[in-house]
Structure formats: structure tokens, C-alpha cells
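Peer 1: For the record, the sequence lines run as chains R and E. Just so you know, we're using full-length UniProt numbering here: the first sequence kicks off at 1 and counts up by one. Just so you know, we're using full-length UniProt numbering here: the second sequence kicks off at 1 and counts up by one.
In short, the hints are calculated from the structure, not lab data. Fair warning: there could be bad hints in the mix.
One copy or any two copies: either way a pair holds, since identical chains are not told apart in the list.
Taking lysine to aspartate or glutamate pairs in the EDC-like style, the calculated list, with each CA pair at most 16 Å apart, reads [to be verified]:
(1) K26 to E375
(2) K20 to D512
(3) K258 to E422
(4) K220 to D334
(5) K568 to D587
(6) K568 to D481
(7) K223 to D334
(8) K464 to D390
Number of protein chains: 2
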Amino acid sequence: MATTYFSKRNLHFLLHEVFKAEELTKYEYFSAHDRETFNLVLDSATYIADTLMHPHLKEVDRNQPELKNGQVTVHPKIKEYLKAMGEAGLIGAGFSFDNGGQQLPKMINSCVSFILMAANNGMMYTGLTSGAAHLITSFGTPELSEAYVPNLLTGIWQGTMALTEPQAGSSLSDVTTSATPQPDGSYKIKGQKVFISAGDHDAAENIIHLMLARIDGAPKGTKGISLFVVPKYRPDGQDNFVDNDVTSTGVYHKMGQKGVPTMHLTMGSNDNTIGYLVGQPHQGLPYMFQMMNEARIGVGMTATAIATAAYYAALEYARERPQSRRLNQKNLLDSPQTPIINHPDVRRMLLFQKAVTEGSLSLLLEAARLYDISEVAEGEEKENAFLLLDLLMPVAKSYPSEMGVQSVSQSVQTFGGYGFTEDFPVEQLYRDIRITPIYEGTTGIQAQDLLGRKMTMKGGKAPKLLFAEIGKTIADASTHDDLKPYADQLTAELKRIQEVMSSLMPYVQQGDIERYLSDATLFLELFGVVIIAWQWLKQAVVAKQALLTQNPEGDELAFYEGKIHTMKFFFHYEVPKTLGLAVRLKDTEVLTIVTEKELAL
Amino acid sequence: MATTYFSKRNLHFLLHEVFKAEELTKYEYFSAHDRETFNLVLDSATYIADTLMHPHLKEVDRNQPELKNGQVTVHPKIKEYLKAMGEAGLIGAGFSFDNGGQQLPKMINSCVSFILMAANNGMMYTGLTSGAAHLITSFGTPELSEAYVPNLLTGIWQGTMALTEPQAGSSLSDVTTSATPQPDGSYKIKGQKVFISAGDHDAAENIIHLMLARIDGAPKGTKGISLFVVPKYRPDGQDNFVDNDVTSTGVYHKMGQKGVPTMHLTMGSNDNTIGYLVGQPHQGLPYMFQMMNEARIGVGMTATAIATAAYYAALEYARERPQSRRLNQKNLLDSPQTPIINHPDVRRMLLFQKAVTEGSLSLLLEAARLYDISEVAEGEEKENAFLLLDLLMPVAKSYPSEMGVQSVSQSVQTFGGYGFTEDFPVEQLYRDIRITPIYEGTTGIQAQDLLGRKMTMKGGKAPKLLFAEIGKTIADASTHDDLKPYADQLTAELKRIQEVMSSLMPYVQQGDIERYLSDATLFLELFGVVIIAWQWLKQAVVAKQALLTQNPEGDELAFYEGKIHTMKFFFHYEVPKTLGLAVRLKDTEVLTIVTEKELAL
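Throw the hints in and build the complete structure from the sequences for me.
Peer 2: Shown next, in the form of C-alpha cells:
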């Protein structure tokens with residue numbers, strides 16, 4: 001078992017030196033906090049991660065949840081973990097004091113998720129609970145909050161997001177689960193949901209589903225979907241809870257993230273499932289989408305955390321494993337073998353992992369910061385933060401997950417044959433991370449969101465804001481001679497994006513959205529590389545300042561120099577990928593749009 | 001379970017139309033064969049694959065081999081399979097009539113492997129046996145052949161390749177297993193071997209290890225390694241077999257390819273392991289390396305087969321799974337959902353899978369053809385075939401495996417959430433294929449072989465020969481107006497490779513091999529894209545000819561047009577990747593070579 005699974009030093013660097021988390025406390029909402037309370041929360045999460053999660057990484061993978069007699073049983077350690085999380089106040093950390101929370105910024109909560117998921121992503125339960133409770137506090141009545149939120153935040157109950165149906169995955173407009181109004185104001189729910197994470201298990205006393213359904217007679221498509229609270233056990237009005245006819249039809253056996261049960265649920269088998277409307281009828285999808293940024297930051301963070309744990313495992317192995325001699329000393333057979341970290345190809349793989357994981361973490365904290373400002377600021381500041389966040393989200397969800405998959409693959413490769421065995425954690429992490437480019441909107445969906453909506457909304461205001469932000473980093477970097485070439489390269493990359501957009505916009509004007517979006521995934525990839533390049537330059541500027549002003553030594557010197565080195569690695573090895581992507585994106589040959597004639601694929 | 005796992009039509013296209021397998025029968029050695037006997041062998045393999053392998057794909061994955069009381073038990077179907085393969089003559093198909101084989105070309109045997117591994121790569125046993133037997137017939141005495149080969153080729157015994165040791169993976173010069181001469185000419189063997197595929201199991205009556213060891217007093221390094229036959233049970237000279245003190249120390253539990261046991265073996269625990277020298281002392285590594293091309297074609301083919309099976313599963317799903325409407329018809333909520341194959345992004349993923357898998361298969365058959373010619377031709381023809389094969393091998397091993405991993409990842413993505421579940425075969429195939437960039441020489445090792453040896457050997461004769469071969473395809477393609485642009489692009493790509501080589505050669509002249517090879521893996525990637533582009537252009541020329549001369553209709557028309565379409569896809573989507581790779585390869589900034597100062601990675 002690898003002993004290190006994340007770097008506290010790097011987390012503090014990003015949180016305090018790059019993104020200056022404490023500045024958030026100038027807003028009234030966060031004013032009860034300071035740097036110290038932030039760090040205490042991270043220490044508390046680290047303690048839980050170290051003691052209750054990381055030691056069980058393999059165990060929860062090897063003993064996946066099973067459905068027997070209608071009940072799902074999960075690893076006994078899950079219950080202990082949920083209790084500890086509730087007691088530490090970490091499930092409700094982001095909720096207001098009024099709602100029983102700690103009123104902590106998303107930036108801090110995201111770091112908590114990062115630590116927990118790096119320790120053991122198979123224990124992915126509490127983020128779902130927070131998300132479900134957040135929907136209730138945001139859109140439900142005070143009575144609904146009172147009835148459900150306290151037990152959710154203490155970890156006694158489990159929350160879920162119940163969107164997907166067998167015939168409606170990416171296409172939520174095709175949701176068919178029905179809700180029939182009852183005289184008492186509640187609804188009878190009937191239908192099926194699939195892929196519901198933590199959708200049933202015995203570590204919680206009740207499961208509270210935040211479920212999309214269609215009220216009888218509702219409009220078709222996305223405009224007729226409503227949001228309901230559908231508990232596993234419902235209150236009978238006399239302080240008792242009765243079975244709510246939510247049947248566990250099946251538990252999926254999966255490639256990874258085996259610790260958390262992914263459920264197929266059936267509502268209303270006995271015509272006795274009751275749901276409680278959250279907010280207004282037919283507003284379910286807008287409500288869900290207001291939570292989407294939060295959920296997608298969560299997925300990006302999970303991917304980053306998994307890839308980070310794999311990177312540290314690979315790094316530890318590469319430092320210790322001797323194999324062969326250095327290439328210019330091949331004939332020195334009497335000399336001992338060298339640790340593989342000294343081979344350029346292994347070092348390249350490690351730098352790639354460091355570049356991907358620390359670049360992703362930086363972007364996600366940037367997104368979390370924007371999230372916080374969009375919540376607590378006012379006027380233009382709030383609006384701009386929201387627009388920027390909206391634009392960055394498809395990248396912040398997909399880059400960490402897509403590139404995280406590649407990164408863990410390089411972790412496996414660093415181990416050679418041992419990486420393929422269960423003797424080391426990387427084979428499990430390789431399986432675990434593969435879901436992240438799929439859930440909460442596949443990469444293809446993120447790409448359509450980015451190019452089809454975010455780049456053009458409000459007359460293209462979001463990319464204008466973003467380019468201005470990136471411009472600030474470029475200006476900062478340009479003041480240092482050794483960073484200036486990279487600042488210039490980033491300027492050239494922004495121009496490249498604009499050229500690509502110019503070549504694509506005519507399709508929009510022609511109303512040919514299918515053509516406009518046909519290579520959207522490649523645009524997302526190109527955009528992602530540039531965004532991460534920005535994040536690396538930003539980190540390099542801070543590191544450079546520290547080197548100039550703090551005169552660091554030893555580990556600190558190596559840390560800051562490592563940041564600048566990895567920035568260079570990203571620009572020299574990853575950024576050139578934009579060349580090929582731009583060529584394809586500006587290419588006029590259509591090869592993926594169906595015509596009348598069916599090709600033999 | 002997907003019903004199709006490979007395309008017989010495509011196999012016949014490559015074998016007969018592109019590579020004209022029957023032309024091999026003009027050589028005396030293959031003269032007993034014709035197109036019909038070739039096809040009969042493929043049909044025989046298909047029958048075994050359909051009936052004894054594919055139906056057990058999941059089963060052998062879910063019931064991995066276990067070591068109990070010193071004996072490894074495998075799935076009972078394995079024994080049935082080995083028997084059938086022996087009876088069909090498929091284990092020995094490539095051996096000479098004298099050695100009890102069918103004297104079939106490697107081209108045909110490679111197609112057999114392709115079919116078998118596409119059906120169920122977890123039953124990867126017989127290729128190992130053929131390889132082991134081939135070492136004995138090639139370098140051993142007639143007595144050794146007589147004693148071991150017949151039972152290997154009938155599938156009653158299992159053969160293995162026992163190279164790797166705990167401290168010697170990529171670095172075979174550090175092998176320490178010892179061989180002490182005995183008065184009777186045999187050797188006492190002592191040491192440990194790890195990662196020995198099929199290294200022990202109960203489906204074979206005996207296990208015959210072809211093992212590398214160092215005779216007492218042998219020179220250090222690669223020049224002191226000898227090859228031995230080390231059986232699990234050895235003949236006692238009186239028609240009995242006795243235990244040869246080869247202990248199964250452990251069976252690795254792995255991420256994939258779970259059907260085949262990967263063993264940790266200990267020789268000489270009781271000082272009673274006897275080995276029989278194969279060929280001359282200290283020639284073990286040259287012998288092994290003479291078999292390496294064969295073994296690496298096998299790995300490339302396994303990777304291609306796995307990715308092909310995943311592609312057909314994804315294709316079937318994409319044709320059947322309705323989800324959402326086409327992008328220009330988003331508002332037609334009353335219309336039924338469209339099969340996802342009609343979404344450009346899904347079609348892009350499928351074309352990528354088709355381009356990678358059929359491109360890889362084409363390259364591997366090219367390599368197999370060269371292998372055959374290098375075996376049976378004479379003089380310059382033989383020598384040139386051998387040089388070309390040697391040059392292509394690093395690509396033929398690594399492109400199918402590296403890009404196969406990517407391809408299966410896109411198969412998973414095509415399925416969305418279902419791809420992550422055990423309900424469909426792609427999650428297993430995703431796990432299975434991940435070993436292929438590791439075994440038989442990791443991608444990093446292949447890259448060093450390509451750039452460090454193959455590009456420069458004999459004064460660079462091999463790339464000259466290759467470029468001349470590619471030139472022929474370019475000339476053929478240039479005669480067709482619609483293929484000419486691609487021919488021109490391929491010419492430009494060859495120039496790009498030459499430019500990269502020109503920028504790297506000074507490092508060789510300076511004797512700085514570490515710098516020369518520091519980005520060898522990227523060179524391999526660049527070279528691989530160009531080689532596969534060549535294979536696609538070659539296929540497109542043949543398809544174009546068929547369209548012009550055969551006037552095909554229906555499925556045949558679609559097949560040939562699909563070939564040209566996929567060639568275009570490869571040139572428009574994959575070839576542009578060379579731009580970024582070349583930029584990095586010509587870049588003078590050094591970022592991966594260790595200097596005095598340790599960076600904080």
C-alpha cells in the first residue's frame with residue numbers, strides 16, 4: 001500500500017498561495033472563518049481519510065455490495081465512516097449555519113472531497129448526501145428541509161440523485177417516471193431509475209432520493225419534469241416510518257468504484273410509493289441544472305484525487321525500484337541498477353502525471369473559488385463569476401476525468417508488470433477512474449455544452465471574460481524573463497482558439513448545429529489543454545515570486561522549482577497537441593455525419 | 001454478450017486482397033498449400049473460437065486460477081480447449097512437417113491467433129506452447145525435440161517462456177537464476193522467475209519452461225545467459241516422470257486476462273531442479289531475441305483482437321441503443337429517439353475504433369508476411385524482409401497495444417454507464433488489454449529498440465527500405481484523383497520523420513545516447529501514426545481498385561466504401577497528431593534527464 005496519497009504541501013500552495021482562500025472571508029457569509037479554521041477542516045478530513053478510509057481501499061473493492069432478499073449490504077466500515085463524517089460536521093460543512101452547516105466555502109469543501117477521494121474513492125457516499133440535501137434546502141419548503149436535512153447531514157440517512165432511467169441517460173427530456181397528485185398534496189410515483197449511486201444500502205437508516213418525474217399531464221420534454229423527494233421509508237405522520245415501496249431491483253456489478261452500490265430501483269410496484277414535490281412543478285430540470293456545476297466539480301475532483309493517489313504510488317515505486325543502468329552507462333555491469341526514476345522515459349511519465357493531476361486540481365480550485373464568489377458576491381462580480389464558472393465547468397469536469405484516465409494508465413505503466421497485479425493499488429485506481437468521463441454528463445455531452453452553449457451564450461461574453469482573466473496571468477508572467485516565452489506561447493494559444501471559433505461560426509449562422517458540433521469533443525480537448533496551460537503558468541508565477549522573495553531552501557526550494565519545471569513540461573509536451581487538434585477543427589472534410597447511405601462500419 | 005467479435009470479411013480482404021497470402025505458396029516450403037487450405041484453417045479456428053472459447057469469456061474472467069496445496073487449478077474448459085487445439089493441429093500449425101506441423105505461414109497462424117484472442121483472450125495458452133516448442137526445434141538437439149515437442153503440439157503439455165525475475169524485468173542482463181553443470185550433461189537450476197504466463201496449471205499434464213539462467217562462472221551481463229528446458233516433471237530415464245522441484249510460489253491476481261495463471265516459480269528449493277541446455281552455452285539471449293519478433297507479433301495480435309471484439313460490441317450497441325434526437329432535430333420531441341450511431345460524436349468514436357483495429361491488423365499481417373519471407377526466401381529478398389520486419393516490430397507490438405487501450409476505452413465510452421458494468425463485455429476487455437503495452441517489452445523498451453537500434457542499424461538501411469515500400473503505395477494511390485491528396489500527405493509525413501531524425505542524430509554523434517533516446521516513446525508514437533497511415537492508404541488503393549473493376553453492390557459496395565472512408569478518417573483525425581509530436585521531438589529544451597539536483601516531483 002502506498003503511504004502517500006496526496007500532497008498537503010501542494011494543497012496549501014494552491015489554496016493559500018495561488019488562490020488565497022482567506023480572501024473569501026472578506027465576504028459577510030464566510031466572515032466567521034480564517035486560514036486557521038480552513039486548515040483545521042482539512043486536518044479533520046485528513047484524519048478521517050487516514051484512519052477510516054485509506055486502510056480499507058482494497059477491502060471495499062474486493063467485497064462489493066450484494067443484493068439479498070431486497071436489501072443491499074455494504075462493507076461494515078461504511079457505517080463507521082458515515083458516522084464520523086457526520087460528527088465532524090463534514091457532510092454539512094458547506095451548508096449555512098441556519099441549515100445546521102459550517103458555512104464553509106466550496107473551495108474548502110472541494111479540498112475535503114479531494115482528500116477523502118484520494119484516500120478511498122470507493123467510499124463515495126457523502127458527496128451524494130450533501131448534493132441531495134442541498135437541493136432540498138435550495139428549492140424545498142422549510143417543512144421539507146426540517147423533515148429530511150438534519151438526518152442527512154449527520155450521516156444517519158443517505159441522499160441520492162435519481163435522474164437516469166433505462167431509456168433516458170444523456171437524454172433527460174425522455175424521463176417517463178410518473179407522479180400522480182394525491183389529495184393531501186403528495187404524489188404517487190411510478191417508474192424505474194438506473195445507475196443510482198448509493199441508491200440502497202444498510203449503512204444508512206433511510207435513503208432519500210431526489211428524483212425526477214413527470215406529473216400527469218405535464219408538457220413533453222425538458223419543460224415537464226419535476227423534482228421530488230422520494231424516501232425509502234416515509235413518515236406516516238405519527239412519528240413512524242413506513243416502507244415507501246421503493247424496490248431494489250438490482251445492484252450493478254461494475255469495473256470499479258465497487259465500494260459504493262449502483263442501484264436499479266423500481267418505484268410503485270405495489271402502487272404505494274409517495275413523493276413530495278420540491279419547489280414548483282415542471283421546474284425539476286432547471287433545479288437540477290443549478291446543482292450541476294457543484295456535482296461536476298465533485299466528479300472532476302474525484303478523478304483528480306484518484307489520479308493523484310495513483311501518481312504518488314507510482315512515484316514511490318519509481319524511487320525505490322532499481323532496474324537497469326542509465327543509458328550513457330549501459331556497459332557498467334558491475335554498478336548497481338539505478339532506480340527507474342532516473343530513466344528519462346519514466347521521468348517523462350511521472351512528470352505527465354504530476355502535470356495532469358496538479359493542473360487539474362488547480363483548475364478545480366479556480367472553479368470552486370468562482371462558485372463561492374457567484375454565491376456570495378453581488379452585482380457584476382457575482383454575474384461574471386457565474387459566467388466564468390459556467391464556461392470552465394465542461395473543462396473542469398472532463399479534463400481531470402479524461403486526462404486522469406491517461407494519467408493513471410501511466411501510473412500503471414510506471415510499475416511495469418506489477419502495475420497489472422493486485423499487489424499494488426494502481427490497477428484498482430485504473431478501474432475506479434474509468435467511470436469519471438461517463439457520469440454527470442459524458443465527455444461528449446460536456447463538449448456540446450461548451451461549444452453549443454457556453455462559448456456563445458450572452459453574445460460570447462464568457463470567453464471574453466476568460467480571455468481577460470488569462471491575460472492577467474500572461475501579464476504577470478511576462479515580467480519574468482524566464483516565464484515570458486511561456487506567456488507568449490499562451491497568447492498564441494488563445495489566438496488559435498479564436499481562429500478555430502471563426503472557422504466554426506459560419507455553421508451556426510447557417511443553422512447547421514449538427515455540423516457545428518460534430519467535432520465538439522476535439523474542441524473541448526483543445527480548450528482544455530489551453531486552460532490547464534493557464535493554470536500552470538499561474539502556479540509558475542506564484543512559485544517564481546516565492547523563489548525571488550522568500551529565498552527558500554531544501555524541500556521548499558525543490559517544491560517551487562518543481563512547479564516551474566512542471567509548467568515547462570506541460571508547455572513543451574502537452575501544449576503542442578493543440579496543433580493537430582486545430583488542424584482537424586478547421587478541416588472542412590465531413591466524415592462523421594450520417595448521410596442517406598449507410599457505410600459499413 | 002455481443003454476437004460478433006471479428007469480421008471474417010475484413011480478414012479475407014486483408015489476407016487475400018491486400019496481402020495476397022496465396023503468393024507465399026510459390027515458395028517451396030509453403031507449396032503444399034493454397035487459398036482453400038488457408039481458409040479451412042481459419043474456419044477450423046473459428047469453430048473452436050465459437051464453440052469452446054467465446055461462450056466462456058465471462059466465466060474464465062470471474063473464476064480466476066487459484067493456488068492450493070502447491071497446485072494451480074484453472075477453469076475446466078481450458079483442458080477441453082487445449083485438447084481441441086491439439087487435435088485440430090493448430091498448436092503446431094506453423095511447424096514443419098518434419099516436426100509434426102502443418103508448415104503453414106505465419107500470416108495464417110497470426111489470423112488464427114487473431115480469431116482465438118478476439119473470442120476469448122483469457123484462454124491465452126497455446127501461443128505460449130508454440131513459442132516454447134519453437135525454441136526447442138530451432139536451437140535444441142533432435143533428442144530434446146523428440147522428448148518434448150510432440151506432447152506440446154498436441155496440447156497435452158504446456159510450454160512457457162521463463163525470462164523475468166524479481167530483480168530483472170526489462171533488464172534481462174541482470175538475470176541471476178543459476179545453472180550448475182552435472183556429470184550427465186544436465187544442469188541443476190536454482191532461482192526464481194516471476195510473471196510466468198501459464199506457468200502452472202492442471203489442464204496440462206506437464207509444464208515445460210524455456211528458461212533463462214546463468215551457468216556457473218559465465219560472463220556478466222547479456223553475454224552469459226543460457227537457455228534451458230526446465231520441465232515441471234522430468235523423465236527419469238525409465239519412462240517415468242518425477243517431480244522436478246519447480247515450486248509454484250504464488251499466482252498473481254491481476255486486473256485482466258484472469259483466465260490464464262501468471263506464476264511466481266521457485267526452482268531448486270530442494271536442490272533438485274534439473275534443466276537441459278538448449279543449443280550453445282551463453283547463447284540464451286540471442287536465441288530468445290530470434291523468437292522475439294514472433295512473440296511480439298503475438299502480443300500485437302492479442303491487443304488487436306481484444307480491441308476488435310470491443311469494437312464490435314460497441315458497434316452493435318450503438319446501432320440498437322436509441323437516445324436523444326439528431327442535433328438539427330432537437331425539438332422534435334414526438335419523434336422517436338435515434339440510435340446513437342447517428343450522433344457524430346458516437347460515429348467519431350466508432351470510426352476511431354475501426355481505424356485503430358483494422359489499421360493494426362493490417363500492419364500485423366504485413367509483419368507476418370515479412371516474417372514468412374524472411375524465413376523461406378533467399379539472398380537479398382530474405383535479408384531485406386528481415387530488416388523491414390525488424391524495423392516494423394516495435395510499432396507492430398506497441399501501436400496495437402497502446403492504441404488498442406485507447407480504442408477499448410472508446411468502446412466503453414460508446415456504451416455510456418452500461419460500459420462500466422459487468423452486463424456487457426467491454427469492461428472486461430478494457431481490463432484485459434491493459435497488459436499488452438507492458439509484456440514482451442514495454443512501450444518504453446520498444447521505443448528504445450526502434451530509435452536506438454532499428455533506425456540506425458546497417459547505416460540506416462531499414463528505414464530506406466521501408467520508405468521505398470511506402471513509396472510504392474504512394475505511387476499506386478497517386479494514380480487515383482481522390483486518393484492523391486492522401487498520398488501527398490503521406491509523402492509529407494515521411495519528410496517529417498526525416499526532419500526529426502536529422503535533428504536527433506547530432507546527439508548520437510556526440511555520444512549522448514541518453515539525450516538521443518530521451519523522447520524515444522514520442523518518436524515511436526509519431527512513427528506509428530505514419531506506418532498505420534501507410535497501411536490505410538494501402539487498403540484504400542485495393543478498395544478503390546475493387547470499386548472500379550468489380551462493380552460491387554450492397555454489402556460489398558458498403559464494405560469497400562467503408563474502407564476508403566476510414567482511410568480518410570485516419571488521415572483527417574489521427575495523422576495531424578504528428579504535428580505536435582514533431583514539435584516536441586525537435587525541441588531542444590531538456591526536461592526529463594536527471595541532473596545533480598533532485599526536483600520535487
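Peer 1: Which of the numbered hints above does this structure break?
Peer 2: Of the numbered hints, just 2 does not hold.
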